[in-house]
Amino acid sequence: DARVTQTPRHKVTEMGQEVTMRCQPILGHNTVFWYRQTMMQGLELLAYFRNRAPLDDSGMPKDRFSAEMPDATLATLKIQPSEPRDSAVYFCASGLVSGLSGNTIYFGEGSWLTVV
Amino acid sequence: SQQGEEDPQALSIQEGENATMNCSYKTSINNLQWYRQNSGRGLVHLILIRSNEREKHSGRLRVTLDTSKKSSSLLITASRAADTASYFCATGYTGANSKLTFGKGITLSVRP
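Residue numbers (my numbering), protein chains in the order written: chain A, 1 to 116; chain B, 1 to 112.
No lab work stands behind these hints, which were simulated from the structure alone.
Among the hints, erroneous ones may be present.
Claimed, not checked - So the derived list for chain B, only partly shown, Cβ under 10 Å to chain A, looks like this:
| no. | residue |
| --- | --- |
| 1 | Thr20 |
| 2 | Ser24 |
| 3 | Thr27 |
| 4 | Tyr35 |
| 5 | Gln37 |
| 6 | Leu43 |
| 7 | His57 |
| 8 | Gly59 |
| 9 | Phe88 |
| 10 | Tyr93 |
| 11 | Leu100 |
As the list claims (entries may be wrong) - Label-pair restraints from in silico Cβ distances:
| no. | chain 1 | residue 1 | chain 2 | residue 2 | range |
| --- | --- | --- | --- | --- | --- |
| 12 | B | Asn38 | A | Met40 | 18 to 24 Å |
| 13 | B | Asp7 | A | Thr38 | 19 to 25 Å |
| 14 | B | Glu55 | A | Arg52 | 33 to 39 Å |
| 15 | A | Ala72 | B | Ser24 | 35 to 41 Å |
The C-beta atom is built at its ideal place from N, Cα and C for all residues, glycine as well.
Please model the entire structure based on the sequences and the hints provided.
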């Protein structure tokens, strides 16, 4: 059963520390998304990649967040330095998206981040 | 903003009743999708309706789309306690940079 895999599932870290979240998209999917979910803001799109190329990272605080896709099987989201306001659930999602077809995406179970 | 806005924010019904949830959006879309999120889990795709479709069914789910009013509704018939979850609408756009934009969700509670 193909699924998006995210690690770690839970992370508690101290303010100022670097946090790296990893995602393995579903094999064959050409688009990978990073979303952040909080009670106040709901689901925010941070960044997404098409065929490993970054398409849009306008939702991401550039000074501390970075997203990369070193190969087709791995996407990373890094926060350095982390701050308490970064506490949220970070979701990776992948999909096979084309210009004409519907773009259903599949979510991982999320990385629950707490910055103290 | 391009994101959909769901209504109501929260809905509580008795098992067996129907649940109707609404979504409105602002700009032209290629498709609209509904997702479900159980507590502590990721979102799961439920159904997709394209802009040239008016109604779609999947099991106990019925989705309608009115592009003239820029709105959609999700109807869950004969609800079950297991339907308790948050429901999100997501609007999709055409083009090379197509992406999905989510609303803030509706919390549905189905009382046994």
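Verification of the hints:
About 21 Å separates the beta-carbon of B/Thr20 from the nearest beta-carbon of chain A, more than 10 Å, and the hint is not met. At a threshold of 10 Å, the smallest CB-CB gap from B/Ser24 to chain A is about 15 Å, leaving the interface hint violated. For B/Thr27, the shortest C-beta to C-beta distance to chain A is roughly 15 Å, which exceeds 10 Å, and the interface hint is violated. Annotation: B/Tyr35 was flagged as interfacial toward chain A, and the flag holds, the nearest CB pair being 8 Å apart, inside 10 Å.
With a cut of 10 Å, the hint placing B/Gln37 at the interface with chain A holds, because the nearest CB-to-CB distance is about 8 Å. At a threshold of 10 Å, the smallest CB-CB gap from B/Leu43 to chain A is about 5 Å, leaving the interface hint in force. Because the closest C-beta pair between B/His57 and chain A is about 16 Å apart, greater than 10 Å, the hint is violated. At a threshold of 10 Å, the smallest CB-CB gap from B/Gly59 to chain A is about 17 Å, leaving the interface hint violated.
At its closest, the beta carbon of B/Phe88 sits 7 Å from a beta carbon of chain A; the interface hint therefore holds under the 10 Å criterion. Below 10 Å, beta-carbon pairs count as interface contacts, and B/Tyr93 has one with chain A at about 9 Å; its hint therefore holds. For B/Leu100, the suggested interface contact is upheld, since its CB lies about 6 Å from the closest CB of chain A, less than 10 Å. At roughly 21 Å, the beta-carbon separation of B/Asn38 and A/Met40 lies within the given 18 to 24 Å, and the hint holds.
Separation of B/Asp7 from A/Thr38 is about 21 Å and conforms to the stated range, judged on CB atoms against 19 to 25 Å. Hint check: B/Glu55 to A/Arg52, Cβ distance near 38 Å, so the stated range 33 to 39 Å holds. Distance hint check for A/Ala72 and B/Ser24: the Cβ-Cβ separation is about 37 Å, which falls inside the suggested range of 35 to 41 Å.
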